[in-house]
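K.L.:
Protein chains in written order, with our numbering: chain B, 1 to 607; chain V, 1 to 288; chain S, 1 to 253.
Mixed in with the good hints there might be a few duds.
To be clear about the criterion: a stretch of chain B counts as covered by chain S if any three or more of its residues have a C-beta under 8 Å from a C-beta of chain S, and this derived list gives those stretches [unchecked claim]:
| hint | segment |
| --- | --- |
| 1 | 164-177 |
| 2 | 403-414 |
Ranges between beta-carbon positions, derived for each pair [stated by the list, open to error]:
| hint | chain 1 | residue 1 | chain 2 | residue 2 | range |
| --- | --- | --- | --- | --- | --- |
| 3 | B | V274 | V | W78 | 23 to 31 Å |
| 4 | V | R11 | B | L278 | 27 to 35 Å |
| 5 | B | F158 | S | R90 | 19 to 27 Å |
| 6 | S | D34 | V | K256 | 34 to 42 Å |
| 7 | B | R597 | S | P84 | 21 to 29 Å |
| 8 | B | I497 | V | R11 | 19 to 27 Å |
| 9 | B | I497 | S | S181 | 27 to 35 Å |
Source of the hints: derived by calculation from the structure; they are not laboratory data.
Ideal Cβ positions, reconstructed from N, Cα and C, are used throughout, including at glycine.
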Amino acid sequence: MSSWFDYTVNGLIIGNIYALLAVGLALIFGVSRLINFAHGSVYVVGAYAGFLAVTQFGTPLPLTIVIVVAVGALLGLAIERFGLRPLQGYAHIAPLLATIGISFVLDQLVQLTFSPDPRALPSELLQKRFQIGSGTIGALDILIAAIGIGSAGLLYYFLRFTRLGWAVRATAQDRDAAQQMGVDVDAVNRTVFAIASALGAVSGLLVGMYYNYIDPSMSFQATLKGVVAQVVGGVGNVPGAIAGSMLLGLVESYGIALFGTSYRNLFAFILLIVVLVLRPNGLFASRRQTPPEPMTGTFIAPSKPVQISPRTLLAIALAAALLPLVLPNPYVLQTLTNAWLYGLLGLSLTLIAGTVGLISLGHAALLAIGGYASALLSLDLGMPVGLSILLAGVIAAALGTLLVFPSFRLRGHYLSIATLAIGEIVSLVILNWDSLTRGPIGVSGIPPLSLFGFELDTDRSVYWFALGVLVVLAALQFRLLRSHLGRTLRAMRDDDIAARSYGIGLDRYKALAFAVGSFAAGVSGGITAHLYSYINHETFNSQLSILALTIVILGGMGNVTGAILGSVLLVGLPEVFRVAAEYRVLIYGIVLLLLVRFRPQGLLGTV
Amino acid sequence: MSAAPSLLEVRSLTRRFGGLTAVNSVDLDLAEGEFLSVIGPNGAGKTTLFNLITGHDDPDGGTVKFSGRDITRLPPEWLATLGIARTFQHGRVFANLSVMDNVLVGAHVRFKAVRPAWPSPLSLLGPFAEVALALIRPSSVVTEEKRMREEALRILARFGDRLLPRLDHPTYSLSYANRRRVEIGRALALGPKLLLLDEPTAGMNQTETAEMQTLIGDLKKSGLTILLIEHKLDMVMQLSDRVIVMDNGSVIANGKPAEVRNNPAVIEAYLGHRRSDKSEASVPEAAE
Amino acid sequence: MTTALSAPASQPAEALLSLEGINTFYGPVQVHFDLSLQVGRGHIVCLLGGNASGKSTTMKIILGLVKPASGIVRFADETITGLPTPQIVRRGVGSVPEARRLFGEMSVRENLLMGAFTRKDQRAIAQDLDRVLGLFPKLAERLTQRAGTLSGGEQQMVAMARALMSRPKLICMDEPTMGLSPLWVDRVLDLIAAINREGVTVFMVEQNASLALEIAHHAYVLQTGRIVLEGPAEKLRTDPRIRDAYLGGQESS
Numbered sequence: 001m002s003s004w005f006d007y008t009v010n011g012l013i014i015g016n017i018y019a020l021l022a023v024g025l026a027l028i029f030g031v032s033r034l035i036n037f038a039h040g041s042v043y044v045v046g047a048y049a050g051f052l053a054v055t056q057f058g059t060p061l062p063l064t065i066v067i068v069v070a071v072g073a074l075l076g077l078a079i080e081r082f083g084l085r086p087l088q089g090y091a092h093i094a095p096l097l098a099t100i101g102i103s104f105v106l107d108q109l110v111q112l113t114f115s116p117d118p119r120a121l122p123s124e125l126l127q128k129r130f131q132i133g134s135g136t137i138g139a140l141d142i143l144i145a146a147i148g149i150g151s152a153g154l155l156y157y158f159l160r161f162t163r164l165g166w167a168v169r170a171t172a173q174d175r176d177a178a179q180q181m182g183v184d185v186d187a188v189n190r191t192v193f194a195i196a197s198a199l200g201a202v203s204g205l206l207v208g209m210y211y212n213y214i215d216p217s218m219s220f221q222a223t224l225k226g227v228v229a230q231v232v233g234g235v236g237n238v239p240g241a242i243a244g245s246m247l248l249g250l251v252e253s254y255g256i257a258l259f260g261t262s263y264r265n266l267f268a269f270i271l272l273i274v275v276l277v278l279r280p281n282g283l284f285a286s287r288r289q290t291p292p293e294p295m296t297g298t299f300i301a302p303s304k305p306v307q308i309s310p311r312t313l314l315a316i317a318l319a320a321a322l323l324p325l326v327l328p329n330p331y332v333l334q335t336l337t338n339a340w341l342y343g344l345l346g347l348s349l350t351l352i353a354g355t356v357g358l359i360s361l362g363h364a365a366l367l368a369i370g371g372y373a374s375a376l377l378s379l380d381l382g383m384p385v386g387l388s389i390l391l392a393g394v395i396a397a398a399l400g401t402l403l404v405f406p407s408f409r410l411r412g413h414y415l416s417i418a419t420l421a422i423g424e425i426v427s428l429v430i431l432n433w434d435s436l437t438r439g440p441i442g443v444s445g446i447p448p449l450s451l452f453g454f455e456l457d458t459d460r461s462v463y464w465f466a467l468g469v470l471v472v473l474a475a476l477q478f479r480l481l482r483s484h485l486g487r488t489l490r491a492m493r494d495d496d497i498a499a500r501s502y503g504i505g506l507d508r509y510k511a512l513a514f515a516v517g518s519f520a521a522g523v524s525g526g527i528t529a530h531l532y533s534y535i536n537h538e539t540f541n542s543q544l545s546i547l548a549l550t551i552v553i554l555g556g557m558g559n560v561t562g563a564i565l566g567s568v569l570l571v572g573l574p575e576v577f578r579v580a581a582e583y584r585v586l587i588y589g590i591v592l593l594l595l596v597r598f599r600p601q602g603l604l605g606t607v
Numbered sequence: 001m002s003a004a005p006s007l008l009e010v011r012s013l014t015r016r017f018g019g020l021t022a023v024n025s026v027d028l029d030l031a032e033g034e035f036l037s038v039i040g041p042n043g044a045g046k047t048t049l050f051n052l053i054t055g056h057d058d059p060d061g062g063t064v065k066f067s068g069r070d071i072t073r074l075p076p077e078w079l080a081t082l083g084i085a086r087t088f089q090h091g092r093v094f095a096n097l098s099v100m101d102n103v104l105v106g107a108h109v110r111f112k113a114v115r116p117a118w119p120s121p122l123s124l125l126g127p128f129a130e131v132a133l134a135l136i137r138p139s140s141v142v143t144e145e146k147r148m149r150e151e152a153l154r155i156l157a158r159f160g161d162r163l164l165p166r167l168d169h170p171t172y173s174l175s176y177a178n179r180r181r182v183e184i185g186r187a188l189a190l191g192p193k194l195l196l197l198d199e200p201t202a203g204m205n206q207t208e209t210a211e212m213q214t215l216i217g218d219l220k221k222s223g224l225t226i227l228l229i230e231h232k233l234d235m236v237m238q239l240s241d242r243v244i245v246m247d248n249g250s251v252i253a254n255g256k257p258a259e260v261r262n263n264p265a266v267i268e269a270y271l272g273h274r275r276s277d278k279s280e281a282s283v284p285e286a287a288e
Numbered sequence: 001m002t003t004a005l006s007a008p009a010s011q012p013a014e015a016l017l018s019l020e021g022i023n024t025f026y027g028p029v030q031v032h033f034d035l036s037l038q039v040g041r042g043h044i045v046c047l048l049g050g051n052a053s054g055k056s057t058t059m060k061i062i063l064g065l066v067k068p069a070s071g072i073v074r075f076a077d078e079t080i081t082g083l084p085t086p087q088i089v090r091r092g093v094g095s096v097p098e099a100r101r102l103f104g105e106m107s108v109r110e111n112l113l114m115g116a117f118t119r120k121d122q123r124a125i126a127q128d129l130d131r132v133l134g135l136f137p138k139l140a141e142r143l144t145q146r147a148g149t150l151s152g153g154e155q156q157m158v159a160m161a162r163a164l165m166s167r168p169k170l171i172c173m174d175e176p177t178m179g180l181s182p183l184w185v186d187r188v189l190d191l192i193a194a195i196n197r198e199g200v201t202v203f204m205v206e207q208n209a210s211l212a213l214e215i216a217h218h219a220y221v222l223q224t225g226r227i228v229l230e231g232p233a234e235k236l237r238t239d240p241r242i243r244d245a246y247l248g249g250q251e252s253s
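Isolated chain B, as found in the complex (with noise of 0.2 Å):
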């Protein structure tokens, strides 16, 4: 029984450090409506802050939690005045990429100043506990529960009992009319960004703490999971920001009693999309009688596309499969093989989420599918590998359209929300389901290339295989575009209202669009699991969605010359400069941060 007390301990204390994550993203969404991605990261900076203090200065516990403070709100403070506050007016999902970007850029600075690997985070209190009943409780634990619960009356008394308290509560109930009794909405921001960032960078502290040991990766978990507690508690609800985040931490803690660690954010994920197709207002909605509306809209800025006539496409085609004729350097060829593969990603994603405006940030799911499906049917089954990277495709199309069908009621962040926590949710499957998948261990062996019973051994072989591939794909997708499909899609993207009332079932033409670009990402996915010949559940991560997004913004949503311009650019040209792999990232959150800023209608326009 005593388990049961350690787990409920547990439980409510990783609730308190998802507390502190949720209400500053509570905040930020009261306020200006934002979901806000780069929460995670200022979380692992306050880590890494923390982390220099004690281990170059040895400050003591009382100055490190200043330092970090004072760390994360000034770092709150820049990402409100450089990275958002240029985007007034513009479309609504502008922030949220803005955000996004800024999150990859931190996220990749740490981990350039302190190295990808994990670091420990000494700290004395870690080794005392005392005896409660039958169960311990450490000291850690205690100053964890004293700094939530110490925070949250700090923060309540500023919002009841403080002028500028009152102007962020007016703000967030009523911009305008806070702005007609001459609140400054945005020193409301800035004050906003300023607090939730500082509780953000302390979270990332004590979890640190908690556990003696930080790494960069940590921003992402941190981002969903407050996210999550959010959504569960009702967006920009402070009070169920914090009821969110401890029902999330018990329901993780309990689930890793039953069913082990691994099963950790499955149930997080799990618990974040029933919450989201279910009630959307989240649990402890709160009086008011309509939901907050998240953002809703799509990054379509009305441009006029570059028109590339069909003669120019086609001599374009032909010069890239001329290519390795002329230039048998493998290298160049093993790099563009990768972008057209790529490329297969972004004419998924472009359909998906520019000619449809559905914003998927869980695209990279689609690959996995595709991969494992194929890896496993030439692997386990002996299926000839052409038919199974073909089945990849159907195998993706149907699954990912079925997994994501249900949030198709969702609009603007909450889909976006749900397609990242679907995306979580198939890694962590794979991750679990060791009879089918292999588990952690990854599937290896995986038969190479081959077409009709032979094998796509060289370079020049496999370069033209996928070329055709995308060549092919993409020539249907230009087709489609061109038929009543294409602007029946288009319309229900600028107006879905207006399109059901011309007998447009948005349900139906959702999934349509989804499982066709879906089948791209799995052919993609599958031929890059051949290639590879080994994967695991890592092989497609959440980066990969998050570029597949940068390539289609990049090249103008919907625009399937753009996707694979996108993809050449973005993939190709790092390769081709031996851009070493960690700035890689890097320069993919900056481009994705000036696009937004700068040409959101990307290189070629939107469709």
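Using the hints provided, position chains V and S relative to the given structure of chain B.
P.N.:
For chains V and S alone, coordinates are given in the frame of chain B:
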């Protein structure tokens, strides 16, 4: 007056938002070929009524029948297949689509060749067939598309040279008045049995309004059944067979344009209620 | 026809607020065409007009929530065009927004104090709170209640009291009688007159012409972005052209 069968039959339709009753037990009959206008001051509930009829909002009570069939709470995409088309108060065109594509989307429900209607178990395959037909484009699909495009051109020709020279322009690049025209063109492409127009001349100047009035007049002459919300009352008076006046969610008058225009209740609804005499001398807060 | 509440309107008043040659656009739609109007110090001036005439946008222009494409807004001998809203509020422009726009999750007391947000003189604020509650005694009983739970009429009172808390020289009201029962409409109008008697200039946007003209000194009638009629309220009260401006008639103007 005559016992013409009702195309649209609304009975005690009610919609509440919190404490506010936006539409309060509204009855409405619209005979085939009739032109009925709904007028009333801001916040009278006109657009909410439209939304309830067209399935964009669910009523708290009451029924809507169309051609004798109960359509209460049916989703808008179904109503479109029954032949109900509407325009929107603030104009909702598909901004990134060309003028031509906007009108073709209006005809969406009439594309049959590319969307074969199969019996129940096979209907699950509908979406697959639709993709396949869109990619393969057998001659039936090509002919259908061509026919619809020709029809769209005929519809757009109704607007003179306002839209014809701009067929390929995305509608975000059009003037506001032109966008409203596109919206009406899109509605006509549905081949509607009933057309609901929500302030089709909002934001238009006098010339444009007059032009629109002529167009709507022509639609009326062609026998189309029309339900109109409009603030420009001159236009309402000239076009309508009958006018319904709403105020605070309720119908306060229903009759021929001339009757309605001189109805004291209508004048009061628009110009405001006179102060009741008793409060005149009262000081603030003394009323209770 | 005459009422006791109408102050003498004949004497010209110096302009506290003036709009000169305002042109406003929402995207491609022009909302105001060379709009000019003046609000005399100490007066109640109303801007009348039917739906979509551009009334509410006029108020947003004054408050700096919408920027005009051209034209000048002057307040108390200072050009305020282009200033951010908080700056305009600090200069003495209070507002009662359309549909009240209270902070629904905050208490009545907090709402009222939010009205004094630009002020820092705690003691004077406390005094003003008492004074305002004297004017709106009903609110004193509701101070701790969440504003969102009040009835429409009570919310309108809170909105007006909130606007007074900034000690404004001018209060802009957007359709203060909209959606209220006749009894509440009368009360609200009495209160506007009472506020005006305390020396606050009132600019109100109204659809309800008959009533607004009973308490106003001067009025403008707006039709699709243009002033089509203006004059002292008592003259307009009987002017048939008002009716035409709303209900249509001669396609004049």
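K.L.:
Can you name, in rising order, the numbers of the hints this structure does not satisfy?
P.N.:
2
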